[in-house]
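Enquirer: Take a look at the letters that make up each chain.
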Amino acid sequence: MVTIDDYGDYETAWCPGCGNFSILKAVKQALVASNLKPHELLFVSGIGQAAKAPHYLNANVFNGLHGRSLPVATGAKLANPNLTVIVESGDGCNYGEGGNHLLAAIRRNIDVTLLVHNNQVYGLTKGQASPTSAEGFVTKAQPQGVPSAPFNPIAVAVAMKAGLVARGFAGMTDHLSELIQQGIAHRGFALIDVLQPCVSFNKVNTFGWYKERCKTLPPGYDPTDWEGAMKVAFEWGDKIPIGIVYRGNRLAFEEHFPPLREGTLVGLDVDPVILKKIMNGYG
Amino acid sequence: MSREEPMKNHSDNKTRRMLNILIGGEAGQGLVTVGQILAKALVRGGYSIVVTQSYQSRIRGGHNTFAIRVGVDEVIAPRESVDLLVALDRDTVTLHSKDLLPDGLVVLDGASEIDGDSLLKVPFKELAQERFSNIAALGVVSSLLGLDQGTMAGTLDDFFGKKDATLAAENDRVLAAGVGWTTRHGTSSHKLSAVSDHHKRLMMNGNEAIAFGALSAGLRLYSFYPMTPSTSIGLALAGQAKRMGLIVEQAEDEIAAINMAIGASFAGAPSMVATSGGGFALMVEGVSLAAMTETPVVVVVAQRPAPATGLPTRTEQADLEFVLHAGHGEFPRAIFTPGSVEECFHLTRKAFELAERYQGPMFLLTDQFLADSYRAVRPFELEDLTPVRAGKDVAESPPYQRFAITESGISPRLLPGMAEHLVVADSDEHTQDGHITEDLSMRRQMVEKRLRKGEGIRAEAMPPDVVGDPNPGLLLVSWGSSKGAVQEAASLMESKGERVATLHFSQVWPLVPDQFMSHLESARQVVSVEGNASGQLTRLIRRETGFDIKKKVLRYDGLPVTPESILGELNR
Chain F
70 MVTIDDYGDY ETAWCPGCGN FSILKAVKQA LVASNLKPHE LLFVSGIGQA AKAPHYLNAN
130 VFNGLHGRSL PVATGAKLAN PNLTVIVESG DGCNYGEGGN HLLAAIRRNI DVTLLVHNNQ
190 VYGLTKGQAS PTSAEGFVTK AQPQGVPSAP FNPIAVAVAM KAGLVARGFA GMTDHLSELI
250 QQGIAHRGFA LIDVLQPCVS FNKVNTFGWY KERCKTLPPG YDPTDWEGAM KVAFEWGDKI
310 PIGIVYRGNR LAFEEHFPPL REGTLVGLDV DPVILKKIMN GYG
Chain V
332 MSREEPMKNH SDNKTRRMLN ILIGGEAGQG LVTVGQILAK ALVRGGYSIV VTQSYQSRIR
392 GGHNTFAIRV GVDEVIAPRE SVDLLVALDR DTVTLHSKDL LPDGLVVLDG ASEIDGDSLL
452 KVPFKELAQE RFSNIAALGV VSSLLGLDQG TMAGTLDDFF GKKDATLAAE NDRVLAAGVG
512 WTTRHGTSSH KLSAVSDHHK RLMMNGNEAI AFGALSAGLR LYSFYPMTPS TSIGLALAGQ
572 AKRMGLIVEQ AEDEIAAINM AIGASFAGAP SMVATSGGGF ALMVEGVSLA AMTETPVVVV
632 VAQRPAPATG LPTRTEQADL EFVLHAGHGE FPRAIFTPGS VEECFHLTRK AFELAERYQG
692 PMFLLTDQFL ADSYRAVRPF ELEDLTPVRA GKDVAESPPY QRFAITESGI SPRLLPGMAE
752 HLVVADSDEH TQDGHITEDL SMRRQMVEKR LRKGEGIRAE AMPPDVVGDP NPGLLLVSWG
812 SSKGAVQEAA SLMESKGERV ATLHFSQVWP LVPDQFMSHL ESARQVVSVE GNASGQLTRL
872 IRRETGFDIK KKVLRYDGLP VTPESILGEL NR
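Those protein sequences? They're chains F and V, same order as listed.
Here my numbering is used: the first residue of the first sequence is 70, the next is one more, and so on.
Here my numbering is used: the first residue of the second sequence is 332, the next is one more, and so on.
These are computed hints drawn from the structure, not numbers from a lab.
Don't take every hint at face value.
Unchecked claim - Capping the alpha-carbon separation at 27 Å, the derived lysine-lysine pairs in DSS-like fashion look like this:
no., chain 1, residue 1, chain 2, residue 2
1, F, LYS345, F, LYS230
2, V, LYS531, F, LYS345
3, F, LYS345, V, LYS493
4, V, LYS723, V, LYS573
5, F, LYS94, F, LYS346
6, F, LYS280, F, LYS308
7, V, LYS493, F, LYS346
8, V, LYS494, F, LYS346
9, V, LYS531, F, LYS346
10, F, LYS230, F, LYS209
11, V, LYS573, F, LYS345
12, F, LYS272, F, LYS284
13, F, LYS106, V, LYS723
14, V, LYS345, V, LYS573
15, F, LYS195, F, LYS94
16, F, LYS346, V, LYS827
17, V, LYS494, F, LYS345
18, V, LYS522, V, LYS452
Said to hold, decoys possible - Partial list, computed: chain V residues near chain F (C-beta under 10 Å):
no., residue
19, ALA587
20, ASN590
21, HIS752
Claimed, not checked - Derived DEER-like restraints, expressed as beta-carbon distance ranges:
no., chain 1, residue 1, chain 2, residue 2, range
22, F, VAL273, V, ARG873, 39 to 45 Å
23, V, ILE390, F, VAL71, 54 to 60 Å
24, F, ASN151, V, THR876, 46 to 52 Å
25, V, GLY877, F, ARG330, 55 to 61 Å
All residues carry an ideal CB built from backbone N, CA and C; glycine is no exception.
Build out the structure end to end from the sequences listed, making use of the hints.
Expert: Written as C-alpha cells, this is what we have:
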C-alpha cells in the first residue's frame, strides 16, 4: 500500500498562505487514494510558481519550458503508456503561452491529467494579468485595467467535448483530491481547473472571495449531458460551480496506434526482415 | 582517393554514356509522375542518375521541371545543359531552349505552332486521351533512349499498381503507342549505351534516405508540422509506421513537434523532428531544452531560401550559422551536412548514435535540392547495423542521480517508470538529482559537465573528404549537397591539365583544424563554394582557424550549385 509518506515532504519556494500548498496536499491524497507508487508517475510542468509543484513530491518529473508541458507529456505518454502522466502548471502556462497545445490535447484526447493552478494573475513575474484575469483587473502592467475578456477554460473544453472537464477550489482540499482522482482514473484527457488565491498579487480574487462563491454542483447533476454542461460552463459570478462539469466518452488518443496495443515504444528491436523489405521497396 | 574519370558524352557506337533529360510542364500535368517512372526504369536498367526537381509553390499551373541526369558511369552532380528537353507545355520550350546543347532534341506536342530544328513533334492527341498524354511522352522518351521496353512497362505497372485493371491496360496501351510512334518517326541520336556491370540499385532521394536511416537507427516517435522541403520525410515514415512499430504524429506546430519528441525521448522512445528554416526558428527554444535536460533528439533542417518564407520550394545553404548557434546558452552539438543520398542514410544513423551517447540535440542540415534529388543507390548493408538503445532501464544502486557529475560529462540515463528509481529533469539549472537549484557553485559544475560532452563529440568528428591532387594549384572547399558538383567541376578542370583538389565537409561542427589545415595551407589558391550569399562556412573556418579563404563562389538564386555554375564563376 502506498502512504502519503511515500511522496515525501519538502521545503518549498512558495509564499506563506499560497493556494499551492493545499493543491499539493490534494494531489498527494489523490495519488495515495489511486494507489500509485512514485515511480509509476510522471509529472510534467512548465514555468511559474505552480510549475515548481512536482519538485515537492516524489515522482518522475520533467519540468520543461513555459507553456510546453502538454506536448512533452503527450510524447512521454505515447512512448510509455504505462506511465500515469500528470501535467501541473499555471493559468499563464496552459491558457496563455501554451494555448494551442491545450486545444490540440483536447482534440487528441491523450490520457493525461492536466491540473491548472488558476489564480487569475502572474505570480512568478510579479503581478501582471493572466489570460483568466477579469476585464478591468488593475495591475502594474495594466494600470488602466485589463482590456481583454478573460479566457473561459471550462467553456472551451466543454465546447470541444473534452474527455473530462472539472473545476476545483484550493480551499476545498478533499473535494479537489476527489476530482484529481477522477481525472487520473479517466481514460483520456482530463482538465482540472483549480481556482486558488494568490496572496501576493491578486487582492481581488482572495481566499474569501472564492470561498464565498465556490459551490459544488448539485447532486443529480449529469456531467454527460453536454448541453447542460455548456450552461454550467458559463456560470461565473456570485456563484461559481465546482465539480465534474463534463465527461465525454471518446477513445483515448494512444489507443489509435497499433504499436501501443502491444506495449510501449521503449526498448523495441528493429526487425531486420521488415527493414530489408522496406529497403527493397525502393528497388 | 581517386576520382571518377571525366565523363565522355559520345562513345564510339554513337550511343551516349551520359545524358541530361529535362521534363517541363505545369503543376498537375503529371510531370513528376513521368519523371519518377522514367528515373526508376533507368535505375532498374542499371544506370546511375541524379535528379533535380524545380517547382513553384503552387498546386496547379506554373512552371515545373524534373531533370534526370543519367549515365552509364556514376553520376554525381546535376547539369544545367540539356540533351533531351521533354516539353509538356509551351513554356518549357521558351524557358529552356537556351540550355539545349547544339545536338540536343526537343520533344513537344505536334499541335504546337513552334517550329525549328531539333524538334520532335509528337501527335499526342492521336496517341492518347489528354489525361494520358504524359504516359505517351514517357513511351516516346523511353524509345528515344533505347530502354528495354519490358523494364519500362513493368516500372509503369508497379507505379500505378494493378488494382484498376482498365487504367493499367490503358497505361500499357498508351506507353506502347508512344514507343511505336517513336520507332517509326523518331531519331536514334539519343540512345543510351548499354550498362555492362549491372548491380542492383535502389532509387531514393535525400529525404527518403533520412527516413530509412532513422528507421534503421530505431526511431520510435516522429513528430512534425508540414513544411517544404522537409515534409516527405514524414510521408516516407508514415507509410512504414504500422509495420515498423513507430508513431508518426502531425503536431499542432513546430514548437509542439520538438517538445513532443523530447518528451518521448525522455521516456525512452528514440525520436526525430524535421523542418525547414522557419519551422526550425520555432523549435529553437526546444533545442535549448533538449540540451539542458540532456535529452537525445535528432533535428533535421532541410534548407530553403530565406529570410522568412523566402522561396518555399527552392534550395539554399544559408542556415549553417543559424543551426550552429540555435538555442540560448552554451551547449555542445554536432551538425552533419550530407553530400549525397548515401550520406543522408549514414549520417542520420550517426546523428542518432551521438544524440543517445551524448544525450542532447544533434543536427542534420540538408536542402531542397538533396531532399528531392533521386539517386541510384547501392543497397545498404543492413546486417551489421544496430539500432540505438534509449537509456538504460535498470536502476543502479540508489540514490539515482540523473545528472551525476562525471569526467566525460555523460551521466547515467535511466528511463522513468522502468523500476523504482525516479528520473527528474529540469529546464532550470539543477542539482545532480535533477531538482531546481540556485546554488551558483552547482551552476558552474553543471555548465562544465555539459560542455565536457563536447570533447567527446569533437573526438568523434568526421574529417572532411579530400579528393584530387595532393599539391593542388586550386583547392575547392565546400559543404553539404554541393559535394558532387564541386568534385565534378574539379574533374573537368583536371581534364584540362589543372591541378585541383576538393575539401568537402559532410560535418561542419565541431570543426577540428588538425584534420584539414595542411590541405588549406598547401594549396596555392583556396576557393570556397557555397549555396549562400555571404560564405558562412568560409567565415566559420576563419573563426576557428584564422585561415582566410579570400575567393568565394556563391550561389543564392534558389537553384543548386552545379559544375557549370562553379566553372562559370571561376573563369570570370
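Enquirer: Now look at each hint and say whether the structure bears it out.
Expert: Here's how the hints hold up against the structure:
Of the supplied pair hints, the one linking LYS345/F and LYS230/F is violated, its CA atoms being roughly 44 Å apart against a limit of 27 Å. At roughly 14 Å between alpha-carbon atoms, LYS531/V and LYS345/F fall within 27 Å of each other, so this suggested pair holds. Proposed proximity of LYS345/F and LYS493/V is supported: the alpha carbons are some 24 Å apart, at most 27 Å. Proximity of LYS723/V to LYS573/V is assessed by CA-CA distance (about 26 Å); at most 27 Å being required, the pair is judged to hold.
Restraint check for LYS94/F and LYS346/F: the C-alpha separation of about 54 Å exceeds 27 Å, so the hint is violated. Only pairs whose Cα atoms come within 27 Å are accepted, and LYS280/F paired with LYS308/F is accepted, the gap being roughly 10 Å. With a C-alpha separation of about 20 Å, the suggested pairing of LYS493/V with LYS346/F holds against the 27 Å cut-off. In summary, the hint linking LYS494/V to LYS346/F is supported, as the alpha carbons are separated by about 21 Å, within the 27 Å threshold.
Pair hint LYS531/V plus LYS346/F holds up; C-alpha atoms about 14 Å apart against a cutoff of 27 Å. Note on LYS230/F and LYS209/F: the hinted pairing is violated, with a Cα-Cα distance of about 37 Å set against a maximum of 27 Å. Only pairs whose Cα atoms come within 27 Å are accepted, and LYS573/V paired with LYS345/F is accepted, the gap being roughly 15 Å. Between LYS272/F and LYS284/F the CA atoms are separated by roughly 21 Å; this keeps the pair inside 27 Å, and the hint holds.
Annotation: proposed proximity of LYS106/F to LYS723/V holds, straight-line Cα distance about 20 Å (limit 27 Å). Taking the CA atoms of LYS345/V and LYS573/V, the gap is about 50 Å. The hint is violated against a cut of 27 Å. Under the criterion of a C-alpha separation no larger than 27 Å, the hint pairing LYS195/F with LYS94/F is consistent with the structure, at around 25 Å. The straight-line distance between the Cα atoms of LYS346/F and LYS827/V is roughly 45 Å, outside the 27 Å bound, and the hint therefore fails.
Using a Cα cut-off of 27 Å, the hinted pair LYS494/V and LYS345/F holds, with the two alpha carbons roughly 25 Å apart. Simply put, LYS522/V and LYS452/V have alpha-carbon atoms about 18 Å apart, close enough for the 27 Å limit, and the pair holds. This hint holds: ALA587/V has a C-beta 4 Å from the nearest C-beta of chain F, less than the 10 Å allowed. A cut of 10 Å between beta carbons decides the hint on ASN590/V: the least distance to chain F is about 4 Å, and the hint holds.
For HIS752/V, the interface hint holds, the least distance from its beta-carbon to any beta-carbon of chain F being 7 Å, beneath 10 Å. Separated by about 59 Å at the C-beta atoms, VAL273/F and ARG873/V break the suggested range of 39 to 45 Å. Checked against the hint of 54 to 60 Å, the C-beta distance between ILE390/V and VAL71/F comes to roughly 57 Å, which is consistent with it. Checked against the hint of 46 to 52 Å, the C-beta distance between ASN151/F and THR876/V comes to roughly 51 Å, which is consistent with it.
For the pair GLY877/V and ARG330/F, the supplied restraint of 55 to 61 Å holds, since their beta-carbon distance comes to about 58 Å.
Checked against the numbered hints above, the structure breaks hints 1, 5, 10, 14, 16, 22 and satisfies the rest.
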